[in-house]
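Chains as they are written, first to last, in the UniProt record's numbering: chain H, 1 to 498; chain G, 1 to 498.
Don't read these hints as lab results, they were simulated from the structure.
There may be inaccurate statements among the hints.
When chains are identical, the list treats them as one kind, so a pair holds in a single copy or across two.
Cut-off 20 Å, straight-line C-alpha distance, at most; resulting in silico cross-link-like pairs (DMTMM-like, lysine to aspartate or glutamate) [what the hints assert, rightly or not]: (1) Lys164 / Asp198; (2) Lys90 / Glu285; (3) Lys476 / Glu115; (4) Lys85 / Glu172; (5) Lys348 / Glu205; (6) Lys284 / Asp98; (7) Lys290 / Glu241; (8) Lys476 / Asp100; (9) Lys476 / Glu323; (10) Lys85 / Glu241.
Protein chains: 2
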Amino acid sequence: MTSSNKSSKHRGLFNPKRIDKLKNKTAELLNRSIDQHINLAVTGLSRSGKTAFITSLVNQLINEGQGSQLSFFDPVQQGNFIAAKRIPQKHFRVPRFDYDSSISSLTALPAHWPEPTHGISELRLAIRYQPKASLLKYVKDMATLTVDITDYPGEWLLDLPMLKQTYQQWSEFTCELLSSKPRLDSSQKFLDKVAEIDPFAPANEEVLAELSKEYTQLLHTFRYELGLSVIQPGRFILPGELAGAPILEFFPFPALAELDGNDYQNASDDSVIGMLRARYLEYKEHVVRKFYRQHFVKFDRQIVLADCLTPLNNGKESFQDLEQAISMILESYSYGKSGLFSRIFSPKIDKLLFAATKADHVTPEQHAPMVSLFNELIHQSKNKLNFEAVEVQTLAIASVRTTQVGSTTHQGKTVPVLQGTVLDNNNNRDKKSQPPTGKNIMVFPGSVPEKLPQESYWQQNKFNFFNFSPIGGTSKNESLPHIRMDQVLQFLLADKML
Amino acid sequence: MTSSNKSSKHRGLFNPKRIDKLKNKTAELLNRSIDQHINLAVTGLSRSGKTAFITSLVNQLINEGQGSQLSFFDPVQQGNFIAAKRIPQKHFRVPRFDYDSSISSLTALPAHWPEPTHGISELRLAIRYQPKASLLKYVKDMATLTVDITDYPGEWLLDLPMLKQTYQQWSEFTCELLSSKPRLDSSQKFLDKVAEIDPFAPANEEVLAELSKEYTQLLHTFRYELGLSVIQPGRFILPGELAGAPILEFFPFPALAELDGNDYQNASDDSVIGMLRARYLEYKEHVVRKFYRQHFVKFDRQIVLADCLTPLNNGKESFQDLEQAISMILESYSYGKSGLFSRIFSPKIDKLLFAATKADHVTPEQHAPMVSLFNELIHQSKNKLNFEAVEVQTLAIASVRTTQVGSTTHQGKTVPVLQGTVLDNNNNRDKKSQPPTGKNIMVFPGSVPEKLPQESYWQQNKFNFFNFSPIGGTSKNESLPHIRMDQVLQFLLADKML
Numbered sequence: 001m002t003s004s005n006k007s008s009k010h011r012g013l014f015n016p017k018r019i020d021k022l023k024n025k026t027a028e029l030l031n032r033s034i035d036q037h038i039n040l041a042v043t044g045l046s047r048s049g050k051t052a053f054i055t056s057l058v059n060q061l062i063n064e065g066q067g068s069q070l071s072f073f074d075p076v077q078q079g080n081f082i083a084a085k086r087i088p089q090k091h092f093r094v095p096r097f098d099y100d101s102s103i104s105s106l107t108a109l110p111a112h113w114p115e116p117t118h119g120i121s122e123l124r125l126a127i128r129y130q131p132k133a134s135l136l137k138y139v140k141d142m143a144t145l146t147v148d149i150t151d152y153p154g155e156w157l158l159d160l161p162m163l164k165q166t167y168q169q170w171s172e173f174t175c176e177l178l179s180s181k182p183r184l185d186s187s188q189k190f191l192d193k194v195a196e197i198d199p200f201a202p203a204n205e206e207v208l209a210e211l212s213k214e215y216t217q218l219l220h221t222f223r224y225e226l227g228l229s230v231i232q233p234g235r236f237i238l239p240g241e242l243a244g245a246p247i248l249e250f251f252p253f254p255a256l257a258e259l260d261g262n263d264y265q266n267a268s269d270d271s272v273i274g275m276l277r278a279r280y281l282e283y284k285e286h287v288v289r290k291f292y293r294q295h296f297v298k299f300d301r302q303i304v305l306a307d308c309l310t311p312l313n314n315g316k317e318s319f320q321d322l323e324q325a326i327s328m329i330l331e332s333y334s335y336g337k338s339g340l341f342s343r344i345f346s347p348k349i350d351k352l353l354f355a356a357t358k359a360d361h362v363t364p365e366q367h368a369p370m371v372s373l374f375n376e377l378i379h380q381s382k383n384k385l386n387f388e389a390v391e392v393q394t395l396a397i398a399s400v401r402t403t404q405v406g407s408t409t410h411q412g413k414t415v416p417v418l419q420g421t422v423l424d425n426n427n428n429r430d431k432k433s434q435p436p437t438g439k440n441i442m443v444f445p446g447s448v449p450e451k452l453p454q455e456s457y458w459q460q461n462k463f464n465f466f467n468f469s470p471i472g473g474t475s476k477n478e479s480l481p482h483i484r485m486d487q488v489l490q491f492l493l494a495d496k497m498l
Numbered sequence: 001m002t003s004s005n006k007s008s009k010h011r012g013l014f015n016p017k018r019i020d021k022l023k024n025k026t027a028e029l030l031n032r033s034i035d036q037h038i039n040l041a042v043t044g045l046s047r048s049g050k051t052a053f054i055t056s057l058v059n060q061l062i063n064e065g066q067g068s069q070l071s072f073f074d075p076v077q078q079g080n081f082i083a084a085k086r087i088p089q090k091h092f093r094v095p096r097f098d099y100d101s102s103i104s105s106l107t108a109l110p111a112h113w114p115e116p117t118h119g120i121s122e123l124r125l126a127i128r129y130q131p132k133a134s135l136l137k138y139v140k141d142m143a144t145l146t147v148d149i150t151d152y153p154g155e156w157l158l159d160l161p162m163l164k165q166t167y168q169q170w171s172e173f174t175c176e177l178l179s180s181k182p183r184l185d186s187s188q189k190f191l192d193k194v195a196e197i198d199p200f201a202p203a204n205e206e207v208l209a210e211l212s213k214e215y216t217q218l219l220h221t222f223r224y225e226l227g228l229s230v231i232q233p234g235r236f237i238l239p240g241e242l243a244g245a246p247i248l249e250f251f252p253f254p255a256l257a258e259l260d261g262n263d264y265q266n267a268s269d270d271s272v273i274g275m276l277r278a279r280y281l282e283y284k285e286h287v288v289r290k291f292y293r294q295h296f297v298k299f300d301r302q303i304v305l306a307d308c309l310t311p312l313n314n315g316k317e318s319f320q321d322l323e324q325a326i327s328m329i330l331e332s333y334s335y336g337k338s339g340l341f342s343r344i345f346s347p348k349i350d351k352l353l354f355a356a357t358k359a360d361h362v363t364p365e366q367h368a369p370m371v372s373l374f375n376e377l378i379h380q381s382k383n384k385l386n387f388e389a390v391e392v393q394t395l396a397i398a399s400v401r402t403t404q405v406g407s408t409t410h411q412g413k414t415v416p417v418l419q420g421t422v423l424d425n426n427n428n429r430d431k432k433s434q435p436p437t438g439k440n441i442m443v444f445p446g447s448v449p450e451k452l453p454q455e456s457y458w459q460q461n462k463f464n465f466f467n468f469s470p471i472g473g474t475s476k477n478e479s480l481p482h483i484r485m486d487q488v489l490q491f492l493l494a495d496k497m498l
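Pulled out of the complex, with its shape left as it was, chain H reads as follows:
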């Protein structure tokens, strides 16, 4: 071999054409193995800012160089990043992520938050870069990282625990929730109605449909009026094409444990309890399991967005509900041998980013406590779970920054303040002190606790933040102002662009 190599070398060494040909061939071979692909999944409970996050992520990459601030994203910082562009997505039957409408609302004057999405959507990016691996130092060609971004509702992850629950177990868990504060005030009427039904009577489909509608209405109230996070079954509030189908017409039935076990087991599918149970099973199989099989198992990296500030504003019960929701969501990433997943699916997520959103809604010195608080939320359940081989990071971010930071003097001391345009009073506990929508205000929203708040924290009622409008007025071809989107990119993409 050596002699043959030598002989070919001797024959061709000074033939420039031959050298070019070899170079090209090497480059081609290397590129083939270097071109990379990532399936990036973005989720979060509804109104956690998924649409704004994806829009900003795409905006930062495709407008790199146009005022972008990506100091912590190595490929840009080290000059390896060349350019990114949107290219046609892979799946024809998945709705496209509507970047154009979204960037229009964020850059308009006055700007407004983009319309929320109601299901799954996709967008594909191609990122061109100059690989820096030493192997390639003689090669002028570029490599491409293809990124498929999938946006899906966090509520779908909340359904995962149902896979290991029987209808009876799920009913117990859910009726327990419905019968406790802060849900009980809203759900009492529904619970009373269901309690009157004979579980073994022949089912009347219209009655079940009516009660399912009431239960769904309760879920809306919990999420959008009480600001709660544990919403199950998740598809009830985002039904899509299943609206009005029997698979979404069931609800928890109280006190099942008190029924005779045999009677319960033998109840026919035409009885009230039999029909509810049959639909629950169908939901698990054809809604929950289907999502994990069709989509979840294909994701490489996952971003979970969570707004901790709104529950902090709403009070103790809302915050505890967020804790529980995060713990339920985390189960989807517990791959250990004892985890639910290792038995059912084979997901391949290797990086998991928890992003605490709205970092621009508190003053900068509060970001460290925000991350610390969020970490406590996660680690509470993380200890119970098994994150084998999954790298986890937590960041306090603002996908699109809405405020300017300044300072003012208060009782002789300099204190930091935020300046921004008030959006609405949804999250403001003290309605009386709410400034009018659209007003530009200067405010100090308060301190974020570093640890899970104690009873005394809730009694002192320290935190009170306002929702702000995006600033707007920038060109669509400029980068949006943000907080730590460069660190997001660094964590999610940089290792694939070496």
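Based on the hints, put chain G in the right spot on chain H.
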């Protein structure tokens, strides 16, 4: 065998218990074979009255005896009909047909037409009857006919011809339509925009999305403003969960025949023309073919509803468009060896009912011409098709009767008139003569031509009818007033209840 029979007879003949047991067993065996099942499919272009039709059909059956007028439905007339009730549907993932809301709007005061459905829905009926077959004369037991009713948009059938068209052929057909009256006025701007695009340039997904949106908007204009019937692709105006997905983002491209054939064939999927073609193919496979495979092949009997009166009101072009749409829809029922279906699917429809709706919107002596006209519409294309083994019937019906018939004297002659409550002026050609909505009027809408109208008919402008509101004020447990729903039931169900 005979001797053994005899001996058992001798042994048990006078044992009444044994006789009862035998009787029960026979009844059970017979019932098992006699219980019947029909998959009944109801379709029609949007606003042809599918929801009102199904509501009335169900209402007539479940309220039989409560004022029902079903003289031409043999099982009722001959006393074999016992009762009908709604029972839970079979498919958990198909939306339920919302009978309750629909009957509520039709019986309220003031009554209004039910909300239209936007996709497929289902409802299941169980009809109990006393079989009259002689075999059963000693058996007191009943038999059950289970009827699964499926409601789906007629637009889905209009897509069938696409299955045998290439993207090029479909583009030619559709651009021809867009470039002719009455569509051209609306579509000129769209056609001009598309003509400016280089078909071989790299595709810009956003531009294709924008143009697809414009094309979809045109389909809406054609259907709801111009009253036209040929709407393709049908899923564009009822997208459901595919809203925003690339599979619904294509449109016809003009003058494809003028392109170099090789260039066209070799165009990559990333070029404008290649991407449009790829999406068209995906649409055929995963929307059109999927519907036929999942649903259509399961239907036993089909009702096609068509409103001929509105196109007659709208004028020549609207009427000719209905002709073409009916011809396209009929292809779905052409099962001959040469038909498209025999090669692709194996449907099993044995009865096909064409119902000309709104028979109550003309005076009774016009029903015969209505049927005759509708027959001409069908037979025009029927000759070209092969209805092997499919029994076809045409009826002029009113699912829910909205008018009273009276007479008045005009120029010394007695003429028939209708009395009803005016709904709106959507279908009234002569806006000036439109009475106000909600007014109770007496009117003679004109004569329906017996044959396909000639040029002279359109010039004389004879026909001018008003849309009426349902009468309302009846109980939900009474039968709705109707025209010929009994004949509908007779044709669709009676032979299964012998």
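Going through the hints against the structure:
1. Lys164 / Asp198: neither (27 Å within a copy, 55 Å between copies)
2. Lys90 / Glu285: between (26 Å within a copy, 16 Å between copies)
3. Lys476 / Glu115: Answer is within: at 17 Å inside a copy they meet the 20 Å cutoff, but 41 Å across does not.
4. Lys85 / Glu172: The answer is neither: 50 Å in one copy and 34 Å across copies each exceed 20 Å.
5. Lys348 / Glu205: neither (41 Å within a copy, 30 Å between copies)
6. Lys284 / Asp98: neither (30 Å within a copy, 24 Å between copies)
7. Lys290 / Glu241: both (15 Å within a copy, 16 Å between copies)
8. Lys476 / Asp100: within (9 Å within a copy, 49 Å between copies)
9. Lys476 / Glu323: The answer is neither: 37 Å in one copy and 49 Å across copies each exceed 20 Å.
10. Lys85 / Glu241: neither (32 Å within a copy, 27 Å between copies)
The structure does not agree with the numbered hints 1, 4, 5, 6, 9, 10 stated previously, though it agrees with the rest.
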